[in-house]
Each structure stands twice: as C-alpha cells, then as structure tokens.
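Undergrad: As you go down the protein sequences, you meet chains Y and P in turn.
Residue numbering for the first sequence is 13 to 243, as defined by my numbering.
Residue numbering for the second sequence is 358 to 564, as defined by my numbering.
Careful, some of the hints might be misleading.
Unchecked claim - Here are some chain Y residues pointing at chain P (derived, C-beta under 7 Å):
#1 G106
#2 E109
#3 A119
#4 V181
#5 K184
#6 A186
Calculated from the structure, these hints are not laboratory results.
Even for Gly, the Cβ is constructed at its ideal location relative to N, Cα and C.
One-letter residues, chain by chain:
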Amino acid sequence: MIDKRVANLEAAVAGIKDGSTVMIGGFGVAGLPNELIDALIAQGARDLTVVNNNAGNGYTGLAALLQAGQVRKIICSFPRQVDSYVFDELYRSGRIELELVPQGNLAERIRAAGAGIGAFFSPTGYGTILAEGRETRNINGRNYVLEYPIHADVALVKARAADRWGNLVYRKTARNFGPIMATAARCTVAQVDEIVELGELDPESIITPGIFVQRVVQVKTRVETAGGGKQ
Amino acid sequence: MAARIARDIPEGAYVNLGIGMPTLVANHLPPEREVILHSENGVLGMGPAPAPGEEDPDLTNAGKQPVTLLKGGCYFHHADSFGMMRGGHVDICVMGAFQVSATGDLANWHSGAPDAIPAVGGAMDLAIGAKQVFVMMEHCTKNGESKLVKHCTYPLTGVGCVSRVYTDLAVIDITPDGLRVVDVVEGLNLTELERITGLPLLAPQAR
C-alpha cells in the first residue's frame, strides 16, 4: 500500500542534510509552511541554500530559520520588505549570500527543473544589471538571457488537503510556488490542513499529482478567516 | 492620473496594476466596464479589498494586501502567472517609475544607492511582458528634474518596454518617431512642457 503520510513534523523533515538546497513555498506569509520550517529549525540542518520568493517576515517562519544561522544562501526575488529585519541584518553584515532573481525567472527556473529542461532563454532582465555577464541571444528579433533550472533536494510546501498518494489541492493565492516547487525537488514534503481518503479529491481538481510528493503531514493551523472560521 | 489612465483601459482588457500608486486605477474603472485584473501572485478576476473583518490571509494581491475574488475569477501557480505575463497575454500593465527614457527604457526597481538591499520582485517580468506598459509617475522629481530622460541613470528594469507615460502634467506616447504628446493639463502649453521635460516633444496628432 502506498502511504506517504508521516506521523508528525519531526518525521516530515527527517534526513534533511547539511548543505541541502531547500525550496520553501509561499508568497509573503500566504502559503508559507510555517510548521515545517519550525521543524527544520528543530532538526538543525545547516549550511542550507533556501529558495523562496522573499527572505522572511518578522521573526517567525523563514525569518526564524535565517536567525537560527542555518542558511548560507538565499535565492529569491524580493528580500527587502518592511519587516525583513533578520535578513537585512544578516545581509548587511555579510553573513548570508543573496542570489536575486526576477520573480518570473525564479518561477520558470523552478518549473524547468521539474520538467527536465536543461536551460532556457528568457526575455526578462535583458539589458539590466541582473543579466550582466550572462549569455544572451537574439531570437527572431528579440533579445533573451540564458537561464538555468533550479533543482532542490527538498521542497517544503503548504496545501489545503492531500490523500495518502500525495495528491494535493491548495487554497486561493496560497497556491503560488507550491505546485512548481513540488516538481523540482527530490523530496517534496507537504503540510496540509486535512488528509482525506483516496478518491475524495476530485480528480479534475487535483493541482499537484502525487507523483511529485514524497511526504504528507497534517498540521492543524489556526488561521482566522472571514467570519472567524478555522481553515 | 489614476482617473486618466482608467479612461484608456477598454472593456475586456486583462490588466495588471503594479504595487503602490497604480492600484488606485482600479477605483476609477466604471463598474459597468468589465476589466479583468491580474495579480502576479496567481489570480485573475481580482476584486476590491474585503470589508474589515473579512480578510483572508490566503487571498492577497502582489503587494500582500488582502483582496477578494470576483465571480469568474480563478487561481493559478506562479509559473502560469508569469507565463501569462511573459507570453504577452496580458493587455496592459501599469507601473510606477523613477525614470523613463526617450526610447522607452524603464527604471523602477532600484534606487542605485550602493548600500540599498536589492529587491526586484516581478518588475522586470511585468516590464517586458504586457502588450502595453503604461507608466504612472510624477513628471518631475522633488528637485524639479524631469523623470523623462534621454538615458536612464538609475538601474534599468527593462529596455524599450514603455508604451505610454501618464504624469501630473501630460500623457506622452513613446513612439519610433520620438515622444509624442497626447494630452497636456489645462493651462500648460507644449513649449512650456518641453522646457520642463528637457527633451524634444512631438505635438499631439489630430484626432
């Protein structure tokens, strides 16, 4: 019997090695798998390269992972935010490496990794300092920059529901990077609000097919929504 | 400015409104005109801000502010969202700018300050992706220097990507022939606008 469910958060992040590249889903706090990040902090893997759109907010979640000194390098599009105190301090004191990638190129590099593409030409960033020194090509009159895929050892994503085969459905704009990161990592771990029986997820509505997911852990998150309901 | 831009957004357009000032354009779109707003974090058919107490942390715009979804709206992942942009499916993108050059180069992501922590987000993808890029900005800096320039001195976001600039003084098209004035605010003439801008401007075409 295929059963990708794991008993707890500790089991969900077990075996993540020092030096790993870890993709973390989320855009700001929407879709950020906070509980998996806390488990990774407790697990203690160091010298990590983290891929996320941002570089942490406040002192929780991704910011806490940075503050724990476990991250050597971050690949992201928008590190500087009003409350990115932890990243700002690490960056200014030279204690974290930053690879700044335009958001669409970041997404496409992740997608390319999951789809087995060796490299691709993107028009985004051509003629800017982010493309300095990079291979370019004019194709049918338009200029492009060569971009390489981003592969990961582990992806930590948050979804709304899963089944034991690892099929995932998401919630609203919290979907963001989850589906593509799930494809680009050797081991994708999904934290979900709810694990349902096989067959309960509408096959037409499954966003991430279970082939891309290795571990599923149920986490009861307390997110207050419209009307104060729990989700 | 926001009202003036809203006038140029036609029924049926797919539109991305950049973070900050451009989001104000939505307030000026008449309710009877169906315009579909795209937000690059993964939503089409984005609606206005929710009523207080109705915010959902899983439903935000690219500025990470709570929004709503209109009937017919949908969600998608980041690669699809930027594919819509880069693939030329979005009709109009409205962005702010530090500078726009006479040939339509855009500078809006980096102040150029050496100690600034760089952050680009989707700016470069939006700049080169939409069919038309509208820039919404003050005509001059606080020091009175034109933000329309011969060559950008700030780091570029995109090359030759701006279609039209909306300022507090004028609406100006970037054309292969040069900068062509579309509208000027009342009480300002073309000669005066040209002096403020410091660049040659072409007179409005007869309509």
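Undergrad: Hint by hint, note whether the structure agrees.
TA: Checked hints:
Hint status for Y/G106: violated, given a least beta-carbon distance of 13 Å to chain P, over 7 Å. Of the supplied interface hints, the one on Y/E109 is violated, with its beta-carbon coming no nearer than about 13 Å to a beta-carbon of chain P, more than 7 Å. Taking 7 Å as the C-beta contact cut-off toward chain P, the hint placing Y/A119 at the interface holds, the least distance being around 4 Å. The beta carbon of Y/V181 comes no nearer than 11 Å to any beta carbon in chain P, farther than 7 Å, and the hint placing it at the interface is violated.
Because the smallest distance between the Cβ of Y/K184 and any Cβ of chain P comes to about 4 Å, under 7 Å, the interface hint for this residue holds. The criterion of a C-beta within 7 Å of any C-beta in chain P is met by Y/A186, whose closest approach is roughly 4 Å, and the hint holds.
Checked against the numbered hints listed earlier, the structure breaks hints 1, 2 and 4; every other hint is satisfied.
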